[in-house]
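Visitor: So the chains spell out like this:
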Amino acid sequence: MRKLFFLTSLTSILFGSNLSAIYKLYEKQEYEKGCDYGAKYYSKNLNSEKYMAFYGLSCLETNSINRLAQPMVKLGGTKELRETASYFATILLQKQLLKQSLLDGKELGNLNLPKTDFVLSKIFNLFVKKKYSIKDDIYTLVDSEKKDIRYEVYIKKSKKNINYMIIDIYHGDKFTKRYQYD
Amino acid sequence: MSKYQEIKNLFIDTLDTDNYVELESMAYNYQVLEESLDKPLKMILLFGRPGTGKSMTLTRLYDTLKDRRDIHYFDAPILSEKEFLKNIYEAMSSQSIPQNMRVNFDGLLKYCQKQRGQRDVVFLLDECQLYSEALMEKIRLLSDTRVVKFVITLHKTDNEEVIAKEHFKTRIWEVIELKNATENDLQVYIQMKLVQKGFVEVSNSISKRDVRFIHQYTKGNFRETNKFLYVVFNIYEFYEKNQPQKIDSKKFSKKILEMAALKLGYLHD
Amino acid sequence: MINTVELEKRWIRYKTRIFGSLFFILFFVAAIPYLSFYLFEQYNLIVEKDKNTSNVVIVEQLAPKIERSLPKEINDVVLSPSIPIIDFTKEKQIDREIEQKNEKIEKAKIQKLKEDKRRKAKERAYRQKVAKRRALKRERELAKKESKKRKLIKAKASSSLSVNELKVLSGDDIKKSHTREPKGNKKIDFGGSSSNYMPIMKRKFQENRNPREAILIAKAYYKAGNYIESEKWALTANNLDKENRESWLLFAESKAKLGKRKEALKILVSYHKKTKSPEVKELIDKIKGGNF
Chain V
1 MRKLFFLTSL TSILFGSNLS AIYKLYEKQE YEKGCDYGAK YYSKNLNSEK YMAFYGLSCL
61 ETNSINRLAQ PMVKLGGTKE LRETASYFAT ILLQKQLLKQ SLLDGKELGN LNLPKTDFVL
121 SKIFNLFVKK KYSIKDDIYT LVDSEKKDIR YEVYIKKSKK NINYMIIDIY HGDKFTKRYQ
181 YD
Chain G
1001 MSKYQEIKNL FIDTLDTDNY VELESMAYNY QVLEESLDKP LKMILLFGRP GTGKSMTLTR
1061 LYDTLKDRRD IHYFDAPILS EKEFLKNIYE AMSSQSIPQN MRVNFDGLLK YCQKQRGQRD
1121 VVFLLDECQL YSEALMEKIR LLSDTRVVKF VITLHKTDNE EVIAKEHFKT RIWEVIELKN
1181 ATENDLQVYI QMKLVQKGFV EVSNSISKRD VRFIHQYTKG NFRETNKFLY VVFNIYEFYE
1241 KNQPQKIDSK KFSKKILEMA ALKLGYLHD
Chain D
2001 MINTVELEKR WIRYKTRIFG SLFFILFFVA AIPYLSFYLF EQYNLIVEKD KNTSNVVIVE
2061 QLAPKIERSL PKEINDVVLS PSIPIIDFTK EKQIDREIEQ KNEKIEKAKI QKLKEDKRRK
2121 AKERAYRQKV AKRRALKRER ELAKKESKKR KLIKAKASSS LSVNELKVLS GDDIKKSHTR
2181 EPKGNKKIDF GGSSSNYMPI MKRKFQENRN PREAILIAKA YYKAGNYIES EKWALTANNL
2241 DKENRESWLL FAESKAKLGK RKEALKILVS YHKKTKSPEV KELIDKIKGG NF
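Chains as they are written, first to last, in the working numbering: chain V, 1 to 182; chain G, 1001 to 1269; chain D, 2001 to 2292.
Calculated directly from the structure, the hints in this document are not laboratory data.
Subject to a maximum C-alpha distance of 27 Å in a straight line, what follows is the list of computed BS3-like cross-link-like pairs (lysine-lysine):
#: 1; chain 1: D; residue 1: K2090; chain 2: V; residue 2: K28
#: 2; chain 1: V; residue 1: K40; chain 2: D; residue 2: K2090
#: 3; chain 1: D; residue 1: K2144; chain 2: D; residue 2: K2223
Here are the in silico distance ranges between beta carbons for each label pair:
#: 4; chain 1: D; residue 1: I2098; chain 2: V; residue 2: N110; range: 48 to 58 Å
#: 5; chain 1: V; residue 1: V142; chain 2: D; residue 2: V2078; range: 16 to 26 Å
#: 6; chain 1: G; residue 1: K1003; chain 2: D; residue 2: E2263; range: 58 to 68 Å
In this text, all values refer to a predicted model and were calculated from it rather than measured experimentally.
C-beta: ideal position from N, C-alpha, C; glycine also.
Chain V with its partners taken away, still in its complex shape (with noise of 0.2 Å):
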């Protein structure tokens, strides 16, 4: 926290300080600070991909996945960043689809999108494989590698009348991660 407040109130006196700043929190793995760091500073680095990259790649992580559509425009410089783009662009597509299945029930027959190793799409892959349980409006998938590694995907509509798509992930019987996506 008192590093977010450094960085936060340190903005033009550090050249550079945004990209280092942002990768710093995507080493120490705090997803959700460096997703809103990114958002921030997004129209001051505009011309940085590095910057655009990290962005992405910490809002995967978090319950903003639909912040990965600012970033994934930007990418485009080199071929890894070009297949970073694509990565974020797949995970956003599946996202809608399975949102889209679940809520109006729309088939999605026998498509075949590229793989990525994101929990997301593990799950849409399985989903598209009917390979679920349904009891009471909740699908339950078991991992297709780990066997003991359980998703409930489900949706639950908030006080706003937002319905939001659920991802709980448990490790055997235990809960250890909740996905909520709007």
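For this one, chain V is given, so just place chains G and D on it according to the hints.
Guide: The following block gives chains G and D in isolation, referenced to the frame of chain V:
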């Protein structure tokens, strides 16, 4: 005379009992002093720093009791022994002695001893630190007659040896210490001084903060406070005459307080 | 008496000192986190420099984390993100270059603005000059035309006009007349009622600022009876050349004619004291005698 000129004059250091402000702490000390005179004491010591009101207390005591008692006030120390004894005798006998004649100390002593049980004379001696040891011895001997009582004042100095001196040690029966005023006392002092003479508005304009400022530098010493306020109102008087727009009658000017503090050397620019 | 002015100055000095020290303290307190962060970052960079052989921070351990658990099916499209490598010193250099570039652009802008201003001012001045020249030319042409119609003007022997000037006034053809200056006290007669004499002489005076011209103008006015103007022009001539006796005399005469005899006498007497000129004495006597 302008308003501020009048107020300024209130703060001139005088021993005029008309302008006396009765403070609780002072009232207590005064009462103790008055009561002590009725006790069979020989000497009463009134001590404190310069400007704490010793002379004022003696003056007030004298004014109050001069019609009731055989009381005499030596407001300035008489350093010549000859003159001192002469004055003692003249005060007691109400006779004046010709210039070339001396008062014999033994004679005086016998004179006092003869009047034992009949008279009770009180002498108020101010600034006793200036009296020589020999003279103080004589004073002690006179007080031993139990006819004459002495109330002496001393400056409290850092050198407390003065009080430890022999002729005081066994003779002082009552010791009253006068201290500097507290902030509250000072506020009462200033406000009452103004209100007594009808300057209620000015008195109300002085806030606790202003008094705290004054107290910070004068440390509650009456003389220092009088000097400070004299300078303050002197500045006010000047502005009233030449630039009246700079004066706000509702609020006491912090700027003028600071200017006065600068002039008196409490603050440095 | 209290010297309030001085006291007020001291009060201002005191307040300035207090506020100054307060400001300094606040500034110092506010600067501590910045300073400590800067030092902290420097320390970190030094530490990292020690760890690696270069300034480049390579994050190899993170990359495999993301890449490891990828499904390896045939014909499957696999995407994986890459963590960019950051060269901190290079980044700082780039930022510095950008800043320097911006500074240069700013400077160039300011320079251009200044040059524009200068250019515009020059143009304005030039235009004004051209307009003036044209106006002068027009006036001269007019004067030339009119001078041809005029009669001769009378002038005293002491006003030594050059030959060319005489020709201008008289309208004579330059080729016909003699080229030498008139000698001695040869009197040249000019018509006194020429209405263009004044403007021409005044213009001449404006151009050359010659006291001789001023005296001529003064004399003309004096002759015409306009003693106010003659006094003014005599004074002008005198201001340009204090040694010129004529200007003194004419000035005094004009004053006397205006009724200011005492003043005239005063001036003449003080001038006579200096020069002991008989002419001056004569004039003094004349004025004293009341023959003015």
